[in-house]
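J.: Protein chains in written order, with our numbering: chain A, 1 to 349; chain B, 1 to 471.
Incorrect hints may have been included.
Said to hold, decoys possible - Listed next, the in silico SDA-like pairs over lysine to any residue satisfying Cα-Cα at most 25 angstroms (straight line):
#, chain 1, residue 1, chain 2, residue 2
1, A, 194, A, 178
2, A, 125, B, 120
3, B, 433, A, 8
4, B, 433, A, 2
5, B, 433, A, 125
6, A, 174, B, 120
7, A, 129, B, 454
8, A, 125, B, 2
9, A, 129, B, 153
10, B, 29, B, 8
11, A, 129, A, 178
12, A, 125, B, 8
Stated by the list, open to error - Computed far set for chain A versus chain B, every beta-carbon distance over 10 angstroms:
#, residue
13, 69
14, 156
15, 172
16, 191
17, 193
18, 204
19, 273
20, 278
Keep in mind the hints are simulated off the structure, nothing from the lab. The structure presented is a predicted model; accordingly, all values stated were derived computationally and were not measured. From the three backbone atoms N, C-alpha and C, an ideal C-beta is built for every residue, glycine too.
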Amino acid sequence: MRPLILAFIACLALAGIMEARLAQLGYAPTIVDGAELWSRERMRASRIGKNALVIIGASRIQLGLDMPTLREETGQEPVQLAVLGSSPVTVLAGLAADPTINGTILVDYYDGFAMNDTATRYQDKYRQKLLSNPLLTLGADIEDKLVRLIRENLRSFADGATPYTSLQRAWSGKPRQLYVTTMPDRSRRGDYSKVPMPAFYHANVIRSLGFTVDAGRADLEQYLQAKADEVAPVDNRQFLKEAAGVKEMIAAIEKRGGRVIFIRMPISGLIGKIEGRQFPREKFWLPFLAMVGAQGVWTEDDPVLAGFKTPDGSHLDFRDQPAFTKRLAEILGLSNRPVSPHAEGGSIR
Amino acid sequence: MLFNSLTFIAFLIAVVTCYRLLENWASRKRLLLVASYIFYAAWSPPYVLLLLVSTTVDWWLARRIDQARKPGRRKLLLVLSIACNLGLLAYFKYADFLMTVARQAANMIGIDFTPIESGIVLPLAISFYTFASLSYTIDVYRGQIKAGTSWQDYALFVGFFPHLVAGPIVRANFLLPQIAAPRLADRDETAWGITLIVLGLFSKVVLSDAILAPAVNSIYAAPSRYGAIDIWNAVFSFSGQIYFDFAGYSLCAIGIAKCLGFTFPDNFHFPYAASGFSDFWRRWHISLSTWLRDYLYIPLGGNHGRWLAYRNLMITMLLGGLWHGASWMFVAWGALHGLYLVTERLVTGPALRREISPQRGLRLVLPIAFTFLVVSLTWIPFRAQTPDVASGILAGLARLSQPHSPDITLLATALVIIAMLVFNFFVRSTSLKALYDASAAWARFLILTACLCGLFLASGGERHAFIYFQF
């Protein structure tokens, strides 16, 4: 028995040393954002009902809104359902089909509604959970809770890593490089002081342009500028055709007393230029709002919101989240407090 | 509830603690029975009823068989028991397959027949618990055991959670006497039981899932993209994957039972050190091969008559293949092994039955290598879900091109396979228990520490169910 007990102690010691080393390198336990957590939040949205402030879309809104500020400003309960790299339509369709959803839905507007595998997978997982008897999934639910308990309390699982990856991190001695932290409520915080600029920004621009380029070239900024100038507008027919389906979803939610608001999150620099040329506002945003008949906020129309810059071109830094969220709540008319004079420049329709 | 899940570890700690706290043997048995049904219900509560009905019917029929004096009545009751068990198996496991075969046959003769989708869900462990249960009624019929056992003891024998889901297939005459007499593991037995659980989990989580499975899965998903080196690597890796997966499960099951004071038979005996095909089947999934020998091969006539023995071997291996799943691929796998056994008998004759002595040493290398090679190639239809994938893998075995797999994958899988073969070879005539007893305390400490640290480092990845759960 003694070798066995000593082996368990040795293994615990290894885990302890790794945890201490990772802490020294700046790692902290993090949430694993996946279908399970999303389903849990989706269920919460149904439970809260009228007082829910449901946020859907992609990373821009997931990194853009500060949940405590939103809660404090609106008196409503925010539920973060945005899915990385995803169109909001899959989730919006699910919300529209659910009679328990009758609160306010904030949609991260993007000028393209391509379906996304991740959002569909999350939605399917939620449906499965909903359809099955809780007694039938008790075993799986207990396992999920135990796994979460461990992962959310150990640095060895930080940022979705396995302990093996963490051992490599601890061995190499490199401090934590990841700039995004997922919070237990699924909101995210981006710390852009941790990434090398302007290389990170340039990489984002290159991704938006959709081609590969030698990131080391001396005239990279000018080159990307020239390429951004060449971007041609996208045909809007397919987008507007799909928007017709969105109109029905909004109508279903509004019929139950709910509210849907589209927000075009801030973008800046070359990303703003590229998207502005690809998706001209008069061909996408304006006809879209006219067609679906919903409220919309183009954040750059508000002088206060227009002042927020996105370090990588398309996402806010976590230091700007509270102020941005506070101002957004004001111009959306969701704030409990009197609207500040800056709201005059807001663009709510 | 998988053995490699946190829920199971919590469940096991709770069960072992309560088991030791209870003083009365009857209470302990009741606890194990309730725990076993909770364990099964964690997968699907409604199917607990199926287990309950199957158990009760066999228990009741065995008593009637025991009480019946007329041979005809005894036989009738046995046939009823076999029909109930195989009927359940046929309905849940083979109905869709049989319908597909019927549709194909009808279409071949020009009849348009499209069976409706049955939507049947295969109950977990049905192949294992029906075989365990069948052994009881058959043994009672043969007069080898009496049917005097209580329903509660019998239900515990069938549903005992360490062996319920994927074996070893423990026979009634082996486990019922253990259930009848009070038992509690002492310190050494508990230590050995936990050691087996750690070794089993290490085999499954680290060797099978973390190292070998990724190499196998990517290549079997698209064999046409890969050349000979990658394909051969996948073929040998699958040999390792299924061995570490299933032997790992068996070690866990034996270890869990040991922690509760019960002994299960060994299910694997270093199978990749087999020096022939009959030797392989004496070392691989021993509880199934001996079950098939005693309850199918021997009743069919066994070795009586040369040609009859060949026929019986083929029937046994074909049905053994089909037991693994309702697919022609498993039938093909069973048929190939049947063919090897028949060929081996034809070629070696009486040498087959000669026990291969460890003193033959290095002269065994060639037969062992040949057996491993052929067994590995024969896993191809077993792993490939369709004939297309199997033929893709076979075609790729001779396709010369640069390896696509990362160097680290090739190196890690090659090291694991070589280490497995060398280990199997050198310990082929001994047992894990003998090795454990002979090892020094510091060696046990080092091995267990390495396994536990390996388990910790490999945790957090994608979790896979044990391969044999699907059977």
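J.: Could you run down the list of hints and mark each one as holding or not?
T.: Taking the hints in turn, this is what the structure says about them:
1. A hinted pair counts as satisfied when its Cα atoms are at most 25 angstroms apart, and residue 194(A) with residue 178(A) qualifies at roughly 7 angstroms.
2. The hinted pair formed by residue 125(A) and residue 120(B) meets the criterion: a straight-line CA distance of about 22 angstroms does not exceed 25 angstroms.
3. Taking the CA atoms of residue 433(B) and residue 8(A), the gap is about 21 angstroms. The hint holds against a cut of 25 angstroms.
4. For the proposed pair residue 433(B) and residue 2(A), the alpha carbon gap of about 17 angstroms is at most 25 angstroms, so the pair holds.
5. With a C-alpha separation of about 45 angstroms, the suggested pair residue 433(B) and residue 125(A) falls outside the 25 angstroms cut-off, and the hint is violated.
6. For a cut-off of 25 angstroms, the pair hint linking residue 174(A) to residue 120(B) is broken: about 53 angstroms separates their Cα positions.
7. Among the hinted pairs, residue 129(A) with residue 454(B) is inconsistent with the structure: their alpha-carbon atoms are about 33 angstroms apart, more than 25 angstroms.
8. With a C-alpha separation of about 20 angstroms, the suggested pair residue 125(A) and residue 2(B) falls inside the 25 angstroms cut-off, and the hint holds.
9. For the hint linking residue 129(A) to residue 153(B), the alpha-carbon distance of about 37 angstroms lies beyond 25 angstroms, and the restraint is violated.
10. Between residue 29(B) and residue 8(B) the alpha-carbon distance is near 19 angstroms, which keeps this suggested pair within the 25 angstroms criterion.
11. A distance of roughly 32 angstroms separates the Cα atoms of residue 129(A) and residue 178(A); the hinted pair therefore is violated under the 25 angstroms criterion.
12. Under the criterion of a C-alpha separation no larger than 25 angstroms, the hint pairing residue 125(A) with residue 8(B) is consistent with the structure, at around 23 angstroms.
13. The non-interface label for residue 69(A) is consistent with chain B: the shortest C-beta to C-beta separation is roughly 33 angstroms, beyond 10 angstroms.
14. Chain B draws residue 156(A) into its interface by the beta-carbon criterion, the shortest separation being 8 angstroms against a cut-off of 10 angstroms.
15. Every beta carbon of chain B lies more than 10 angstroms from that of residue 172(A), the smallest distance being close to 15 angstroms; the non-interface claim holds.
16. Residue placement check: residue 191(A) keeps its beta carbon more than 10 angstroms from all beta carbons of chain B (closest about 24 angstroms).
17. With a closest Cβ-Cβ approach of about 29 angstroms to chain B, residue 193(A) is found to remain outside the 10 angstroms limit, as its non-interface label requires.
18. Look at residue 204(A): its CB is around 28 angstroms from the nearest CB on chain B, clear of 10 angstroms, so calling it non-interface holds up.
19. The beta carbon of residue 273(A) sits about 39 angstroms from the closest Cβ of chain B, which is more than 10 angstroms, so the claim that it is off the interface holds.
20. No Cβ of chain B approaches the Cβ of residue 278(A) within 10 angstroms, the least distance being about 35 angstroms, so the stated non-interface status holds.
Checked against the numbered hints above, the structure breaks hints 5, 6, 7, 9, 11 and 14 and satisfies the rest.
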